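> These are the residues of each chain, in order.
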Amino acid sequence: MAEAVTFKNMALAKAINESLRRALDSDPKVLIMGEDVGKLGGVFRVTDGLQKDFGESRVIDTPLAESGIVGTAIGLALRGYRPVVEIQFDGFVFPAYDQIVTQLAKMHARSLGKVKLPVVVRIPYGGGIGAVEHHSESPEALFAHVAGLKVVSPSNASDGYWMMQQAIQSDDPVIFFEPKRRYWDKAEVNTEAIPGPLHKAQVVREGTDLTLVAYGPMVKLCQEVADAAAEEGKSLEVLDLRSVSPLDFDSIQTSVEKTRRLVVVHEAPVFLGSGAEIAARITERCFYHLEAPVLRVGGYHAPYPPARLEEEYLPGLDRVLDAVDRALAY
Amino acid sequence: MTVESTAARKPRRSAGTKSTAGKRTTAKNAPGTDPELVQLLTPEGERLKNPENAAYDKYVADITPDELRGLYRDMVLTRRFDAEATSLQRQGELGLWASLLGQEAAQIGSGRATREDDYVFPTYREHGVAWCRGVDPANLLGMFRGVNNGGWDPNGNNFHLYTIVIGSQTLHATGYAMGIAKDGADSAVIAYFGDGASSQGDVAESFTFSAVYNAPVVFFCQNNQWAISEPTEKQTRVPLYQRAQGYGFPGVRVDGNDVLACLAVTKWALERARNGEGPTLVEAYTYRMGAHTTSDDPTKYRADEERESWEAKDPILRLRRYLEASNHADEGFFAELEAESEALGKRVREAVRAMPDPDHFAIFENVYADGHALVDEERAQFAAYQASFTDEGGH
Ligand SMILES: Cc1ncc(C[n+]2csc(CCOP(=O)(O)OP(=O)(O)O)c2C)c(N)n1
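Those sequence lines, one after another, are chains A and H.
In this text, residue positions in the first sequence follow this note's numbering: the first is 1, and each later residue adds one.
In this text, residue positions in the second sequence follow this note's numbering: the first is 1001, and each later residue adds one.
You may find that some hints are simply not true.
[To be verified] Computed cross-link-like contacts, BS3-like style, restricted to lysine-lysine with a CA-CA straight-line distance of at most 27 Å: (1) A:Lys258 to A:Lys200; (2) H:Lys1300 to A:Lys39; (3) A:Lys52 to A:Lys114; (4) A:Lys186 to A:Lys200; (5) H:Lys1300 to A:Lys186; (6) A:Lys106 to A:Lys39; (7) A:Lys114 to A:Lys39; (8) A:Lys39 to A:Lys29; (9) H:Lys1300 to A:Lys52.
Everything labelled a hint here was simulated from the structure, so no lab data went into it.
This structure is a prediction, so every number in the text was calculated from the model and none was measured.
Whole structure, please, built from the sequences with the hints as guidance.
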């Protein structure tokens, strides 16, 4: 008899919640910290019910001070805890940026490997929810650029569940970007499965004509693009990177050697974004396989605009299809 | 003043100091240990005169009935505007609204204390202060509607843009005040922030800078008891106004639901600034009667009774009682104001509905003052892309 597996149909926010619950339950050193994470359960309810069940010493409402949140999490980690901190929105991580970049990222190296910092920084990120300023940004490249940090972003509930488990178990600091506009999207989560490695990309749709690479909020869009392209007889492969640092170049290379064309899609500004790194490396690795230059679709070199302009700013179906057409036209 | 000495003090008759434990996990102050609170008008509308408030009383001692009615009018119209914005959000005209309900006295009192050449640095809830500064209320709605990220010229009324990142503006205010001092001018700056924001490093740094450089700035903290779901106890273990002492400048707690006291205390603090006596921290002890914003659900974290206890201290009702008891206002005044409120609501509603969506190219506007080649390139690509649709649309 096969072992009973537990499949649940869950929204991404709920999957992360269940994952945090499991971590709190199985390791007394795991702590949740952040603004409004207690009674309110976070502004997106990702920590809903956790303080009720694990108490105020495990699920900690912090003062409104992001530098304080990350800085004290570092101290707690030095003392053997595994803090999972929540930054309320993408644009509010910057008061903590100093602590993350100058301390969290470098302390392991500075201590010649003696100190481990198993801190997870959760950041709901990205646009598409009609919010006001600082609530819709995609700053992942700013973190991926810093050595010593790992940067990941799940695109679906199953990854939300499992990647959070893996991030908490990691002895390195992990910046965990949660695509807020996908929080309410449901998917099957097998809570007993043995997950693949945290930093391995996943082919979420097979195809032969072109590879679309994305992560976080843009994976679903790319799947829709592939559906639309299929109607026009084009076969697109969609790769969910899952991790921005490290980046799984091997998986991208394998796919590009098959399809010979690559379009990278992210919400963050294109200029010096993660797509730039992917384009450069893949050009280096796959120069003789490529039939077209690697194209990128993303945000502009402009501040994230007010809500009524975000549809123009964010990559949508048409913009990605346009890039697909351009790549195929070479 | 130490916490101990405060604890030894006799409780005095005041609004807003009773700790309503509600759903809170930690009690703020044991009964009878409330710190002093400057109050000039009781919740019942009685004018208080006592030795403790005498130092501030002189700033409103010669206030005219006309000015008193003006303060009342400001509060009523601000509340009406706020209510209109809340309902416009419910009707889908605004994406979000941060209501000031309950904080009218703190904002009108402090706002009316400022002089035209003073400079104001607000957070995102200072609709009443904006009103005092002569900013068209409709202008405040653009960012909440999602058509811009600001929407007014800060130098038009010396009222800076709203700041969403908690606490940032306190440093800008301090720097601006340092500039005033360098210029030898006698204007002053006032910076608004919340009790939650008081935990931010930026706020601590602004206290440090303003003290060290003796900057003419008034820090006006509206302690409305909550930072979204977190009560003030999650930010501090001592009354906030006492923080100032550690930086070397005075801090005072004022009844934030008493418009006269807020006016008097802020005038005092601004005068200190103008006289070269440096910064002051004013803690206006008040209450956020509504949700944090229209996205928030306060029933998850606070008890209804708490709000009810604060309704009894309503800033508008309080002044109305005083105006009536002192015969400074008659029925005609209140009726006229009611009509004016309705007209304001209507005007704001119409202004919002008429607010056009921004031009798509606004994305690329004002990214740099000097221009930038990459922005030009992307704008051109964007234009070509937009045009490709128009062509396909085919007429
Ligand atoms: C740096 C930063 N962190 C978090 C937030 C999200 N946030 C917006 S308002 C708020 C609560 C602020 O409380 P308080 O300072 O007391 O002011 P109030 O809203 O009560 O007037 C929080 C946490 C933010 N805007 N900026």
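> Each hint needs a verdict: does it hold in this structure or not?
Outcome of the hint check:
1. A:Lys258 to A:Lys200: Roughly 18 Å separates the two Cα atoms, so the pair holds.
2. H:Lys1300 to A:Lys39: holds (7 Å)
3. A:Lys52 to A:Lys114: violated (36 Å)
4. A:Lys186 to A:Lys200: At roughly 22 Å apart (the allowed maximum being 27 Å), A:Lys200 and A:Lys186 satisfy the hint.
5. H:Lys1300 to A:Lys186: holds (24 Å)
6. A:Lys106 to A:Lys39: The hint is violated at about 34 Å.
7. A:Lys114 to A:Lys39: Violated, at roughly 37 Å.
8. A:Lys39 to A:Lys29: With Cα atoms ~21 Å apart, A:Lys39 and A:Lys29 stay inside 27 Å; holds.
9. H:Lys1300 to A:Lys52: It holds: about 12 Å lies between the C-alpha atoms, which stays within 27 Å.
In summary, the numbered hints that this structure violates are 3, 6 and 7.
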